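Enquirer: Listed below, chain by chain, are the residues.
There are 2 protein chains.
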Amino acid sequence: MTYCVALKLAHGLVFASDTRTNAGVDNVSVFRKMHTFSVPGERLITILTAGNLATTQLTISELEDRSRAADDRNPSLLETVSMFQTAQVVGDMLKAVIARNDDTGQKADSKFNATLIVGGQIKGQPPRLFMIYPEGNFIEASEDTPYFQIGETKYGRPILVRAFDAEMSFEAAVKLLLVSFDSTIKANLSVGPPIDVQYYANDSLKRGYETRIKADDPYFLKISTGWGEALREAFQHLPDFNSD
Amino acid sequence: MTYCVALKLAHGLVFASDTRTNAGVDNVSVFRKMHTFSVPGERLITILTAGNLATTQLTISELEDRSRAADDRNPSLLETVSMFQTAQVVGDMLKAVIARNDDTGQKADSKFNATLIVGGQIKGQPPRLFMIYPEGNFIEASEDTPYFQIGETKYGRPILVRAFDAEMSFEAAVKLLLVSFDSTIKANLSVGPPIDVQYYANDSLKRGYETRIKADDPYFLKISTGWGEALREAFQHLPDFNSD
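Those sequence lines, one after another, are chains A and B.
The opening position of the first sequence corresponds to residue 574 in our numbering, with each subsequent residue numbered one higher.
The opening position of the second sequence corresponds to residue 574 in our numbering, with each subsequent residue numbered one higher.
Hint data in this document are derived by calculation from the structure and do not stem from the laboratory.
Treat the numbers as computed from the prediction; the structure is a model and nothing was measured.
There could be a bad hint or two in this list.
If chains are identical, the list can't say which one is meant, so a pair holds when it fits in one copy or spans any two.
[What the hints assert, rightly or not] Pairs of lysine-lysine, DSBU-like flavour, derived with a Cα cap of 35 Å:
#1 Lys-759 - Lys-795
#2 Lys-787 - Lys-684
#3 Lys-684 - Lys-668
#4 Lys-759 - Lys-787
#5 Lys-759 - Lys-668
#6 Lys-759 - Lys-684
The shape of chain A in the complex, shown without the other chains:
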């Protein structure tokens, strides 16, 4: 499993992804699930990946390869003319990779499916955020649904629903994401640190702040412990049920 979230704030985008992959509980590895394509001053595109690791790695590798050999029929992610076209290119590639595996006659126990989040900005256009399905089609974040989750989305959703605010600072957004990740990590063994975090300020057109937060990171530990205490305290302050 996996847990990735991207938030569309009023002033930028925030991405976070865990790094645990597993094939059964006895085959656990660390892989990066956040991939950035950037031309400073011109574009920033970040992709988060969830699903079959062979599928997502091949999809990213094909996209990177295309960025190097520019004579392909399809534009590379360094050349797309809009974020919409970017989502189309990524969706087509994802669909093609899945079809290629499905077509080998081999059948795996689990499907080759994967789901991606693609966000970023191209010069002269607004920042946009998309979620791309295994079928290659996609949806875009809006004011009503200003964030996307992929992978193990349920445990970490209630706090996002309650505390997300499009006007929040990057620093508060990272706090929100770490709370959401902490709930997920506590509940699902197949989601685990380190957590990759990146945020992008609108119109900066370059890689923003990036960090990898490890399990023993003092701030993450403070959030994890502090959130448990804060939850218990908040719970204590609500009035008990009265059966009379």
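Given chain A's structure and the hints, the job is docking chain B onto it.
Expert: Only chain B this time, still in chain A's reference frame:
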């Protein structure tokens, strides 16, 4: 979908279940998912049901029918000699009902599966709590895992993990369950009020307090609103991330 929870406290058992059933989003009904078998002074057995409604209704009906016609080869739930035997009888019935449907040659889009929680006490023995799988086998709650959830379990789990305390009062336990249900109801349309709640004091050997909490119940509204505010406040009080 469905959401049911049972807690094993030091001094008793607490049961809660939603009442929404759906076959698609345009075919939504209200059905009770909490069923109690009781012989005052001698036994109290409560069953919570999740899964295919035809399966769970038939299972409960067969168990009730057996309680009326006592000459069956298997003991009725009013005659089992232990909670362990109770779990066996319920598990065997569930398995038989599922097999009966699977055996008709008809194939439904969704499986006929169901999962049950069975808890209660028989005179002279300790209270026990079991979760019963569609295969008819079961597991028992312990000190390490003192509660069971069935149905849509994920959204409401983080608060259970953080705030459950085996020594908590019935009134605090009902509060905890309503917070857990509120998170679930907010996230999944197929879980909905009214919520049936029941609690049983150890060694009372009779039906305990029972109530049905509707969507417009003032206490439930207070918990729902208050919890949102408390969460946001708790979140504000945690320190923001610092990128320096």
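Enquirer: Check the structure against each numbered hint from earlier and tell me which ones fail, lowest number first.
Expert: Violated hints: none at all, because every hint is consistent with the structure.
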